[in-house]
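Colleague: Could you put together the complete structure from these sequences and hints?
If you're matching positions, the sequence shown starts at 79 in the numbering used here and goes up one per residue.
If you're looking for bench data, these hints aren't it; they were derived computationally from the structure.
Certain hints may be false.
List of simulated lysine-lysine pairs, BS3-like, C-alpha gap at most 30 angstroms [unchecked claim]:
1) K100 to K87
2) K96 to K117
3) K81 to K97
4) K117 to K87
5) K207 to K196
6) K87 to K97
7) K96 to K81
8) K100 to K81
9) K87 to K102
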Amino acid sequence: MGKAPGCGKTQTLIEYAKKWSKRKFLYVAFNNTIVKQVKEFFSNNVTCTTYHSLVVRLLRETLLKVVQFGRLTPDEVIRVLEPGDEENLGQRAKNVVDTRNTFFVSTDESITLMHIPKRYQNTGNDLEKNVSVYAARKT
79 MGKAPGCGKT QTLIEYAKKW SKRKFLYVAF NNTIVKQVKE FFSNNVTCTT YHSLVVRLLR
139 ETLLKVVQFG RLTPDEVIRV LEPGDEENLG QRAKNVVDTR NTFFVSTDES ITLMHIPKRY
199 QNTGNDLEKN VSVYAARKT
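Modeller: Rendered as structure tokens:
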């Protein structure tokens, strides 16, 4: 399919949306004028938006996750951590909070070892790292 104006890109998408009406499609345009023009041609299974609107929506969703879940303090984490090495409990709680915060600004669907703080990744203490990930998932 060509990329020049009038080569049938939108018409092809209209036909795809009709043929696979049980599937959802996303039509992204550069400006609102185009979105308004094509909305009347697409069926209800097609969401029409601009690149700007799409990015703003995704940023809002990401920031909402951070605001809703990112306010957890180390003191709150200490209350739910399993009893263990009490002298390092504060640092463990901080690692859990930092792990969660790293996850919340990522696009990942679950917390993994990749989300633990960079300062802690090369310590060689795999058990503690796994505890941080487990506790971050639990909180």
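Colleague: Hint by hint, say whether it matches the structure.
Modeller: Quick rundown of the hints versus the structure:
Straight-line distance between C-alpha atoms of K100 and K87 comes to about 21 angstroms, which keeps the hinted pair within the 30 angstroms bound. A distance of roughly 14 angstroms separates the Cα atoms of K96 and K117; the hinted pair therefore holds under the 30 angstroms criterion. With a C-alpha separation of about 22 angstroms, the suggested pair K81 and K97 falls inside the 30 angstroms cut-off, and the hint holds. A threshold of 30 angstroms between alpha carbons decides the hint, and for K117 with K87 the separation of about 15 angstroms falls inside it, so the pair holds.
The straight-line distance between the Cα atoms of K207 and K196 is roughly 11 angstroms, inside the 30 angstroms bound, and the hint therefore holds. At roughly 15 angstroms between alpha-carbon atoms, K87 and K97 fall within 30 angstroms of each other, so this suggested pair holds. Distance restraint check for K96 and K81: the Cα-Cα separation of roughly 22 angstroms lies within the 30 angstroms cut-off, and the hinted pair is therefore satisfied. Between K100 and K81, the direct Cα distance comes to roughly 27 angstroms. Compliance with the 30 angstroms bound is thereby established for this hinted pair.
Of the supplied pair hints, the one linking K87 and K102 holds, its CA atoms being roughly 17 angstroms apart against a limit of 30 angstroms.
When the structure is compared with the earlier hints, no violation turns up for any of them.
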